[in-house]
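Each chain is listed here by its residues.
Number of protein chains: 2
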Amino acid sequence: MAEGLLSGYLPPNGFYGNRPCAVLNHKRTVDMQKKAFQDYYPNHFSHCYGCGRLNEQGLKIKSYWDGDESVCIHEPRPYHTAIPGYVYGGMIASLIDCHSTGTAAAAKYREQNRTMDTEPSIRFLTASLHVDYLLPTPLGVPLEIRGIVKEIKRRKVIVESTLSAEGKVCARGEVVAIQVPEHFMPGIS
Amino acid sequence: MAEGLLSGYLPPNGFYGNRPCAVLNHKRTVDMQKKAFQDYYPNHFSHCYGCGRLNEQGLKIKSYWDGDESVCIHEPRPYHTAIPGYVYGGMIASLIDCHSTGTAAAAKYREQNRTMDTEPSIRFLTASLHVDYLLPTPLGVPLEIRGIVKEIKRRKVIVESTLSAEGKVCARGEVVAIQVPEHFMPGIS
Chain G
52 MAEGLLSGYL PPNGFYGNRP CAVLNHKRTV DMQKKAFQDY YPNHFSHCYG CGRLNEQGLK
112 IKSYWDGDES VCIHEPRPYH TAIPGYVYGG MIASLIDCHS TGTAAAAKYR EQNRTMDTEP
172 SIRFLTASLH VDYLLPTPLG VPLEIRGIVK EIKRRKVIVE STLSAEGKVC ARGEVVAIQV
232 PEHFMPGIS
Chain Z
52 MAEGLLSGYL PPNGFYGNRP CAVLNHKRTV DMQKKAFQDY YPNHFSHCYG CGRLNEQGLK
112 IKSYWDGDES VCIHEPRPYH TAIPGYVYGG MIASLIDCHS TGTAAAAKYR EQNRTMDTEP
172 SIRFLTASLH VDYLLPTPLG VPLEIRGIVK EIKRRKVIVE STLSAEGKVC ARGEVVAIQV
232 PEHFMPGIS
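Top to bottom, those sequences are chains G and Z. Number 223 in the working numbering belongs to position 172 of the first sequence; there are no gaps in the numbering. Number 160 in the working numbering belongs to position 109 of the second sequence; there are no gaps in the numbering.
Check each hint, because a few of them may be wrong.
[Unchecked claim] Cut-off 27 Å, straight-line C-alpha distance, at most; resulting in silico cross-link-like pairs (DSS-like, lysine-lysine):
(1) Z:Lys207 with Z:Lys111
(2) Z:Lys111 with G:Lys111
(3) Z:Lys201 with Z:Lys85
(4) Z:Lys159 with Z:Lys201
(5) Z:Lys201 with G:Lys219
(6) G:Lys207 with Z:Lys219
(7) Z:Lys111 with Z:Lys86
(8) G:Lys86 with G:Lys111
(9) G:Lys207 with G:Lys159
Note that these hints are calculated values from the structure, not bench results.
Please put together the full structure from these sequences, using the hints given.
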């Protein structure tokens, strides 16, 4: 792994306590020093509880490209429990939701051969969210959410995701995301 | 509306600020002085971030019977934003999730002609969650989630829900819930 990759995220020995870090089980690495998809959102779209950089109480979910897949690494807070020791299902849904709408936006920029810092800005909202919970998801380890773009068609993008902990896929998600019209103005920035 | 119904929830004039309270738009009323479904969960199932009475940071989602429907009234916190003025989709998914697993448990007790304070206790976990987001959901008003049991078969219960604000259905959900085996012990209480 090149120096600087995942710095500030990975502990020096690749372990959190006595647990191996999930992302090290994966062949690829992600430069998390780069700006995340969500960091490019305009201010009035940056108050999202899940992923807004301007929401002080929020989860600040961050997503990045890793080749043709998108990846998010996120460790839920200790109180995000379902039953003790396991992650709350609503948190899993939230991670899949924000990661997928972020991936949809990033995919649309890619389709247009543009970087995410160029205008006009692109944002997607969730039309539908589906999550299959396959295994209990352990709390206290980083979770890895990986997305692929299944369909990209005009204003609609479908993103499929897996959520893994310690190398095991614990949940699968599908989000249908719809692009926000350019004239949409929420009135508050 | 009989005295005592919704006390502690409804303001005396039926309004929150200058907004009518959503539940008043509905024909039925719910006795929210009763214990909620979630208040009957055993201690080791009461740490859920969404609905656990023992999770201090949690949302404490509460559900009740209203005839053959189940109902939950919940007002998200001011920072549970998607874009300013509207509710975060992950919060909507969380409300539908916990309300549905609670409804599944309550329905199973009903099927067995038992009250929820009798043993053995019944708990359900989410196998899958689907949410269709139909309209932006306004923040700052109570949301009303109504569930119906679509299917109840051995250990599986399917619950369909609507989530409404100010009388308008903003989201629809479907949860497939699976009953936790009696021998299941999370190890921490």
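Hints, one by one, checked against the model:
no. : hint                   : verdict
1   : Z:Lys207 with Z:Lys111 : holds (24 Å)
2   : Z:Lys111 with G:Lys111 : holds (22 Å)
3   : Z:Lys201 with Z:Lys85  : holds (25 Å)
4   : Z:Lys159 with Z:Lys201 : holds (13 Å)
5   : Z:Lys201 with G:Lys219 : violated (32 Å)
6   : G:Lys207 with Z:Lys219 : holds (25 Å)
7   : Z:Lys111 with Z:Lys86  : holds (13 Å)
8   : G:Lys86 with G:Lys111  : holds (13 Å)
9   : G:Lys207 with G:Lys159 : holds (10 Å)
Checked against the numbered hints given earlier, the structure breaks only hint 5 and satisfies all the rest.
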